[in-house]
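Student: Sequence:
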Amino acid sequence: MNQLILKYARLLWIAAIVICIGIYLYNPSSFSKEAIADYISGYEHYGLLVYLTIHILRGFVLLPSTPLIFAGVLLFPSEPLQVLTISLIGIGSSSLLIYFFSDKLGFSAIFSKKSKKIALIEEKLNGKYGFAYIIGWAFFPLVPTDLICYVAGALKIKVSVFIFSILLGELILCALYIYGGSYLIN
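Reminder that position 148 of the sequence shown reads as 148 in UniProt numbering, one-by-one numbering, no gaps.
What the hints contain is simulated information worked out from the structure, not anything from laboratory work.
Take these hints with a grain of salt, some might be off.
As a list, the in silico DSS-like pairs of lysine-lysine whose alpha-carbon atoms are at most 30 angstroms apart [what the hints assert, rightly or not]:
1) 117 / 33
2) 158 / 113
3) 7 / 113
4) 156 / 114
What follows is a set of in silico ranges between Cβ atoms, one per label pair, in the way DEER data are often shown [said to hold, decoys possible]:
5) 57 / 85: 13 to 23 angstroms
6) 113 / 89: 13 to 23 angstroms
7) 78 / 115: 45 to 55 angstroms
The model shown is predicted, which means the values in this text are computed figures rather than measured ones.
By construction, the Cβ of each residue, glycine as well, lies at the ideal position given by its N, Cα and C atoms.
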């Protein structure tokens, strides 16, 4: 029974990704910062909770956090610290969920085949400077942070090193986005 549930969970996860990609291809503006801000603002008193919830769940469908962060800047332009805090809580929560579910979603099976490339990745991430690789990955805006979360979870990187590195890299990037965006808006 447990395998059946896992199978359906994986199918649901893949379907969610395919649906999001389909929506994006059909109507790319639906994932713009303005569209996200409009959607969240419709929840008036619950806007912050909806903002946080979307931040937490977006990692499972591989949606980048950048449009969501800028939507937060549009929604709360005079509260950049609040946007930064919620963004980091959401990114941290999403990263941990991805880390812990990567095995259930099948990523451990991919990394169980010990090729030279996988062995090198595992050696680097578990090595003395593994945290620096994760910080750099989280900070670099052109690569999806969620991918390193799946990899770190599949390779069983020490969770404390993983989450500290993710949050530090994202703190720098998010602070630049949020405070820079707030400055430009105001």
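Student: Each of the hints needs a verdict: does it hold here or not?
Tutor: Each hint tested on the structure:
1. Pair hint residue 117 plus residue 33 does not hold up; C-alpha atoms about 37 angstroms apart against a cutoff of 30 angstroms.
2. For the proposed pair residue 158 and residue 113, the alpha carbon gap of about 20 angstroms is at most 30 angstroms, so the pair holds.
3. Using a Cα cut-off of 30 angstroms, the hinted pair residue 7 and residue 113 holds, with the two alpha carbons roughly 21 angstroms apart.
4. Between residue 156 and residue 114 the CA atoms are separated by roughly 14 angstroms; this keeps the pair inside 30 angstroms, and the hint holds.
5. Between residue 57 and residue 85 the CB atoms are about 18 angstroms apart, so this pair conforms to the stated range of 13 to 23 angstroms.
6. A hinted range of 13 to 23 angstroms is violated for the C-beta pair residue 113 and residue 89, which are about 35 angstroms apart.
7. The supplied range of 45 to 55 angstroms is met by residue 78 and residue 115, whose beta-carbon atoms lie about 51 angstroms from each other.
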